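Protein chains: 2
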Amino acid sequence: MTNPTDSNIEVFDTTLRDGGQSEAVSFSVEDKLHLAEALDHLGVDFIEGGWPGANPRDDAFFEAARERTLRHARLLAFGSTMRSGNTPAQDPVLSGLVAAGPDGAVIFGKAWDLHVELGLGIGLEENLALVRDSVAYLKEQLGVVLFDAEHFFDGYANHPDYALRVLEAAADGGADRLVLCDTNGGGLPAQIGAAVDAVRERLPGEVLGIHCHNDGGLAVANTLAAVEHGVRHVQGTLNGLGERCGNADLTAILPNLILKLGYRGAQLGPEELERLTATSRLVDELANRSPRNNQPFVGQSAFAHKGGVHVSAVRKDARTYEHIAPEAVGNVRRILVSDQSGRSNIVHKLQELGLLDRLEGNDAAVAQVVERIKDLEHQGYQFEGADASFELVVRRVIGDLPEYFRLVGFRVLDAKRHAGEAPESEATVMLEVGGERAHTAGTGNGPVNALDHALRKALVGFYPELREMDLVDFKVRVVSAGGGTDAAVRVLIESGDPHEHWGTVGVSANVIEASYQALVDAVTYKLAKNGRSDHLLAGGVVEQASGSGLDEG
Amino acid sequence: MTNPTDSNIEVFDTTLRDGGQSEAVSFSVEDKLHLAEALDHLGVDFIEGGWPGANPRDDAFFEAARERTLRHARLLAFGSTMRSGNTPAQDPVLSGLVAAGPDGAVIFGKAWDLHVELGLGIGLEENLALVRDSVAYLKEQLGVVLFDAEHFFDGYANHPDYALRVLEAAADGGADRLVLCDTNGGGLPAQIGAAVDAVRERLPGEVLGIHCHNDGGLAVANTLAAVEHGVRHVQGTLNGLGERCGNADLTAILPNLILKLGYRGAQLGPEELERLTATSRLVDELANRSPRNNQPFVGQSAFAHKGGVHVSAVRKDARTYEHIAPEAVGNVRRILVSDQSGRSNIVHKLQELGLLDRLEGNDAAVAQVVERIKDLEHQGYQFEGADASFELVVRRVIGDLPEYFRLVGFRVLDAKRHAGEAPESEATVMLEVGGERAHTAGTGNGPVNALDHALRKALVGFYPELREMDLVDFKVRVVSAGGGTDAAVRVLIESGDPHEHWGTVGVSANVIEASYQALVDAVTYKLAKNGRSDHLLAGGVVEQASGSGLDEG
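Taken in order, these protein sequences are the chains called D and X.
For the first sequence, counting from 1, position 82 maps to 82 in the numbering used here; every step adds exactly one.
For the second sequence, counting from 1, position 105 maps to 105 in the numbering used here; every step adds exactly one.
Pulled out of the complex, with its shape left as it was, chain D reads as follows (with noise of 0.2 Å):
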């Protein structure tokens, strides 16, 4: 294995091994091969893939993975060392790792004394031979050896000289790389840069890692540290997944090192940075969790800017108020409006939202475009997460937006009978929709639900694309507090389809009003996004929805 050249780093990301054990995240066989891919695709040298042996899952996803092949990655296996009294050869955790086939092996042993001798309970002599024999073993086993230093600069700090030893068995087992692990996460930058200027001193012609957790908020800070001090060997998970507070982020490790620091991957320099903002929304994605807006580098706020002298700062000079240019990570520049916002945030966003073209040279409609907005978030609208409503507002403006169908009235009805019973919700909606009246009822576990319901009950018969949306999320929040439940609440709902997901929001003193403006608008930007035109509302194709039954759900 070559070693990194001085202005070269390595990259080795263990997001489907350490990152899978983040609480409430757990990675399927189909994900985690999605996921190399994505990995291998972004250019990271080193993925661990998991230990296999210690869990079905991981066994599963070795196998199927010997069937593909990566671009330039090494798929690596993790274990332990091997147990105290076992030859290597007959050890499980060792030939489980070489069982598995990886293009190597990462085996992590014990650098701090007082794990050893209180979590293996053995001797610090014996632990010296278990790491240096077990290294030994599979070097010869599978060419390419990582040692993991469990604990290391929490043993460096409590006895110097045996942590050191620990490495040196390692080296003398053919260790490939020594990892240093702050496997607590609680070091701070000086004392990881003074444990590793020790650790060059002592072991010189070794490459080294490094491998944070986050229990500080330090992980990156940390890893920085080392390789300012001379680490080239870099671990950590895309958006910082790992169990506690997770490990070093490497969606914030990379760009600092490659656009700040000026190293580089030997498969991931800046073009292929630009991939990184969508293969950490990918992980989130196969992680089923909510990304973080402010998430440096790739979160949806990272580059978003409110406020008119922001804004045309940014305008003018981006440096003014970005650290870096938001496409260099593949992410976008956003102008929200907000209540602060002027008239330039309002027509960057219609820029961005492709909204310009249609209003271009007729200022007097952007200037209409303008007013409304303000009207409205004077109101309490927040358009922040309710493109979908923005847009809305500015095609009725501009009189480029069907209407699909006309309210006539609805109502809600919530009845509690028992003191130990929740309320049973009920909703009936009337509509003029292609002519006729169309009039439903629905029923829900609250009234919000039962209004969505009925409501579309009242539209799918002529819009069968409806039933391809999904309510995703609902928000809710009072405006103007002071008042009690006087106060107006602002409603934002998040739809999606098999496409794409979007964002409405209403206001009104009434909860049920708000959620029936977001929800018409949800509804409304499905049907105008399918190209919908109105001519249902002139009369149509319509029987089957009208008086559609009270019985279902």
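Mixed in with the good hints, there may be bad ones.
Where chains are identical, the list cannot tell them apart; a pair therefore holds if satisfied intra-copy or between any two copies.
Using 25 Å as the maximum straight-line C-alpha spacing, the simulated DMTMM-like pairs for lysine to aspartate or glutamate come out as follows [claimed, not checked]:
(1) K475 - D31
(2) K260 - E228
(3) K260 - D113
(4) K316 - E125
Quick caveat, the hints were computed from the structure, so don't treat them as lab data.
Here the structure is a predicted model, which is why all the values come from computation and not from measurement.
Assemble the complex: chain D is given as a structure, and chain X must be docked to it using the hints.
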């Protein structure tokens, strides 16, 4: 204003101001008052409350805050240097700051020549004069002025001498603190340290501050680097709230500085740090934001251990897998498999609310309370913003709560009769109280409002003290996202009387039911704290309330 000693830090919180810039976070005046008290209780030295004159909500906040007294913290108003061409006394920003009547002001000025020329469009020398004169005027008017050198580190990188001259101008004007801002959040620890060294050399007598943003994922590390290089005034927000990727997170900075590096604030040492987790949760609750489970120190997963080896090692010696003791920041260890979580947390809460005395010596009762709370939390209840509901749970478990009334049933009807009109809401409530049935109706501008009116109408004849009680704030949040309008919602209600405010909570798939629960708890808490006994349920003074009119709102 006294300066911090060398081993002390000064803690400056801008959750109310910069934190309010977070996408989708918007604090009400009541939220801000509540948070200011919590921050004061935590022991911060300065609270930056908002920008008076820039928006009416901040004006209202400072006005309301003048009637409250903080224990220790100074409440500061934020603004900019005056505009070119104005005199200080006629400048609207500066007079807005003075008029707000804060304990001092923070003003920002441009420290990056690019911004002076591009943003302000004035000469570099004129900018220095604006800084000096603005600071001098506020110093004379308010006595305490902090100067935020905006974009200091970018300015220093671009044109070191000018950035330093801006600081000198502020010092000449009499600024009490010179705060170095990494406004774009892209700095690296080594750069921050080197720039701080240069400032200390040029301005040796000044007290320096640090204000970082987290765009590079390094805000905590950059703050610690500044302190390591001699800065003693530390700015940040709780939970790292703030625009884009947020501000430096005080919930990570404070434990690192206090527990690991041996610093302390004037009123914020190891003892106060035990309030950190509760304060962090309160901020998220008021920001209507889901707490981040993997947040360092205060996250729910921060001390969570998944089964097996870790757990038994942690039990033998917590240092093996924990960098600090969870109790030191008011967090708790969670063992994920055995679900042993929470007990000490709940006991701590009982102690905090003065309820432990009532349970003294009764281990069975404590165990019952713990079980009940855990069960409710599992259903989605959260007691961080609902101390009153927590107390009622405890009193119900130990049989120390009168039953003031009993619900027979309620109905709430929302009817929208015309597309252009808001729906009307009407509620009926039937209760047993004072040995009779009270059946009342109320209307409102929304279903919860109508229900609130009907409920009080039924009770106020029996319990006239309810007249002096008001609903102050009302928040709704979806507990388990992913189910659209099917998801359960949590309603948090804040109520007040002339003596205190209290929070109550309700959870249900139905927003009306969840609101009803929180309303009932709010009323019950009021009656219990006024020492009402339950004789009314058994039969007492009645008539006037039963069947009271439909005509009132």
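Now the hints, each set against the structure:
no.	hint	in the structure
1	K475 - D31	both (11 Å within a copy, 18 Å between copies)
2	K260 - E228	both (13 Å within a copy, 22 Å between copies)
3	K260 - D113	between (38 Å within a copy, 22 Å between copies)
4	K316 - E125	between (65 Å within a copy, 22 Å between copies)
No hint from the list above goes unmet by this structure.
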